[in-house]
Amino acid sequence: MLELSGLSKHFGGVKAVDELDLTVNEGEIVGLIGPNGSGKSTTINLICGVFGETAGTVRFRGELMNGKPPHQRLRAGLARTFQNIRLFPNLTVWQNLWVAQNSPQDVSARGFLPRWFGATRRTRREIADLLDLADLGHKDDELASNLAFGEQRRLEFARAAATRPRLLLLDEPAAGMNQQEIADLSRRIHRVRDSGVTILLVEHVMELVMGVTEQIAVLNFGRKIAFGTPGEVQRDKAVQEAYLGASDPGDGSA
Amino acid sequence: MDDYVITVLSNIGMISFIGLSAYLLLVTGEISFGQQAYFGLGAYAAGAVTAMFLLPIWVGILVGACVAGGIAMVVGALTLRLSGLYFSISTLAFAEMVRLILLIVHVQVEVEGEMVGPAGAEGFHGIRWMFERDLSLAHFMLLIYGLLALVLIVLLLVERSRLGSVFRMLGSDDLLAEMQGLDTVRYRILAAGVAGVISGIGGALYAHFTTYVEPQFFNVMLGVHALAYGLIGGLGTAFGPFIGVAIDIGFLESVRFIQGYRMIVFGGLAAVLLIFMPRGILDEERVHRLKTLFRRRNHAGAQRR
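Chains as they are written, first to last, in this note's numbering: chain U, 1 to 254; chain L, 1 to 305.
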């Protein structure tokens with residue numbers, strides 16, 4: 001479904017992402033982890049087209065994505081959430097979900113009035129479903145800026161799902177969440193996956209990563225140092241070194 | 001009503017067009033100091049249509065609006081990559097360019113033994129469509145407010161529609177809007193064009209109301225006032241700019257006794273307002289609260305019945 005090959009992004013002399021190869025298969029939940037500054041967010045930004053790559057290719061469903069602007073990638077089925085919450089604070093919860101509906105299906109929907117005045121039953125039903133997914137049904141008419149932190153995170157998640165993605169990129173969705181919220185989030189991730197969406201999860205909170213993912217790729221200094229199931233990755237020597245520092249005190253490179 | 005009142009009211013109406021034009025761009029997050037250019041272009045184009053080619057005023061207004069809107073879209077496309085201060089400066093530069101070009105344009109044709117048309121710094125005289133038809137100022141005022149109401153209704157409908165949300169998206173987070181699958185480039189050009197059309201209609205009316213236009217009127221102060229209306233009145237609803245106009249003209253008229261210091265006091269007032277209400281009096285938050293209140297009351301009323 002998603003194929004990164006030789007993907008690199010250099011900022012001056014800093015190799016934020018370096019020769020990354022990664023394949024995500026349809027229907028999987030794949031984790032992308034690594035210490036701070038290891039290039040996880042840069043990878044997401046490269047996949048979404050926020051900035052151009054230095055080298056390498058991004059293929060999505062067999063199609064080359066290099067050079068395509070973000071809105072075209074979204075229409076191809078790539079959606080994301082942000083590390084620091086990004087919503088439209090001056091729009092209501094309902095409107096935030098409404099304007100997110102830009103998939104090819106929505107764009108080809110016929111009729112000026114239903115499309116631009118939101119009158120179609122289908123649209124309303126879908127937004128109601130999304131509100132249900134995010135547990136925000138009672139707040140649909142509230143401005144996004146008036147929501148609590150946890151509610152804003154849920155809205156962001158629902159908004160990404162509103163675009164009918166085929167691949168959903170979650171950038172640290174559990175940051176700042178408590179146990180209960182993390183449990184809710186992993187249920188929500190599974191629910192979206194079961195509706196046919198592949199998920200790439202970038203996360204620091206190991207509880208969530210180890211709990212929901214099937215495959216994990218570990219980055220360090222922009223390079224992939226390990227790939228495997230959660231169990232395999234946890235036992236991996238290189239990963240332990242990256243996170244905890246090298247066991248050999250003579251090697252100061254970590 | 002005497003002519004003085006009608007003139008003041010008509011001026012308020014015509015200035016409101018440029019206020020709405022600047023408001024629309026403010027909503028999309030662009031601070032344009034150049035909307036007066038489209039007002040001027042609309043005025044010259046409409047004046048040329050009725051005075052030089054002797055066509056009806058409807059054609060004049062239409063042509064004025066289209067010329068202003070078309071040029072606004074071209075300028076919008078050219079300044080697309082600029083943001084913030086750079087965008088503002090480029091709009092200002094463009095508006096000054098238009099004004100200076102109008103100062104040297106000298107194109108006249110002979111109409112009924114008289115030379116009519118733009119005459120550089122002397123302006124464009126003889127746009128007498130209204131007086132040739134014995135229309136009173138009061139009639140023309142109705143035309144102004146009729147068109148203003150039409151523009152306002154369109155803007156309020158846009159606000160209710162998805163396009164209104166899209167414009168607000170551009171205003172709050174461009175990258176996120178792009179990430180939501182919106183072709184932000186297209187919508188920005190569209191917004192620039194619509195803003196140009198609105199300003200152009202105001203200019204077309206202005207030319208026919210005063211019977212002559214000169215480049216000097218479309219200087220940067222007009223653009224600054226247009227911006228101030230939206231910023232003071234509020235960016236939450238298209239009614240906002242009208243509050244700005246009311247405060248500006250009402251205030252300026254009521255403090256004539258302090259004469260030359262008026263603008264200083266007005267500037268200070270605007271600054272204080274913007275510190276405490278950065279998005280104006282009727283900002284999104286207040287508009288939303290008013291709407292909720294109104295809906296609840298309606299709901300309660302319906303239940304009582």
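It is worth saying that the hints were derived from the structure and are not from the lab. Each hint should be verified, as a subset may be incorrect.
Said to hold, decoys possible - Straight-line distance between alpha carbons at most 20 Å, and here's what the computed SDA-like set of lysine to any residue pairs gives:
1) U:Lys139 / L:Tyr187
2) U:Lys68 / L:Tyr187
3) U:Lys15 / U:Ala175
4) U:Lys15 / U:Phe60
5) U:Lys68 / L:Val185
6) U:Lys139 / U:Glu151
7) U:Lys139 / L:Leu80
8) U:Lys68 / L:Leu293
9) U:Lys139 / L:Val185
10) L:Lys291 / U:Arg121
11) L:Lys291 / U:Lys15
12) L:Lys291 / U:Asp141
13) U:Lys68 / L:Arg186
Compare the distance between the alpha carbons of U:Lys68 and L:Tyr187 with 20 Å, and conclude whether the hinted pair is satisfied. holds, 18 Å
Sort out whether L:Arg186 lies within 20 Å of U:Lys68, counting only the CA atoms. Between U:Lys68 and L:Arg186 the Cα gap is close to 16 Å, so the pair holds against 20 Å.
Verify the proposed pairing of U:Lys139 with U:Glu151, using a straight-line Cα cut of 20 Å. It holds: about 9 Å lies between the C-alpha atoms, which stays within 20 Å.
Decide if the proposed pair is consistent with the structure: U:Lys139 and L:Val185, CA atoms, cutoff 20 Å inclusive. violated, 32 Å
Proposed proximity, U:Ala175 with U:Lys15 (alpha carbon, max 20 Å): violated, 25 Å
Is the Cα-Cα distance between L:Lys291 and U:Lys15 20 Å or less? Given that 20 Å is the threshold and the Cα spacing comes to 51 Å, the pair is violated.
Keeping to a limit of 20 Å between CA atoms, is the pair of L:Lys291 and U:Arg121 held or broken? At roughly 24 Å apart (the allowed maximum being 20 Å), U:Arg121 and L:Lys291 break the hint.
Does the structure keep U:Lys139 and L:Leu80 at a Cα separation of 20 Å or less? With a Cα-Cα distance of about 36 Å, the restraint between U:Lys139 and L:Leu80 is violated, given a limit of 20 Å.
Tell me if the straight-line CA distance from L:Lys291 to U:Asp141 falls inside 20 Å. holds, 10 Å
Please work out if U:Lys68 and L:Leu293 have their alpha carbons no farther apart than 20 Å. Judged against 20 Å, a Cα distance of about 45 Å means the pair is violated.
Are the Cα positions of U:Lys68 and L:Val185 separated by 20 Å at most? Status holds; Cα separation ~14 Å.
Given the hinted pair U:Lys139 and L:Tyr187, is their Cα-Cα distance within 20 Å? Given pair U:Lys139, L:Tyr187 is violated - Cα atoms ~29 Å apart, limit 20 Å.
Violated hints, in rising order: 1, 3, 4, 7, 8, 9, 10 and 11; the structure is consistent with all others.
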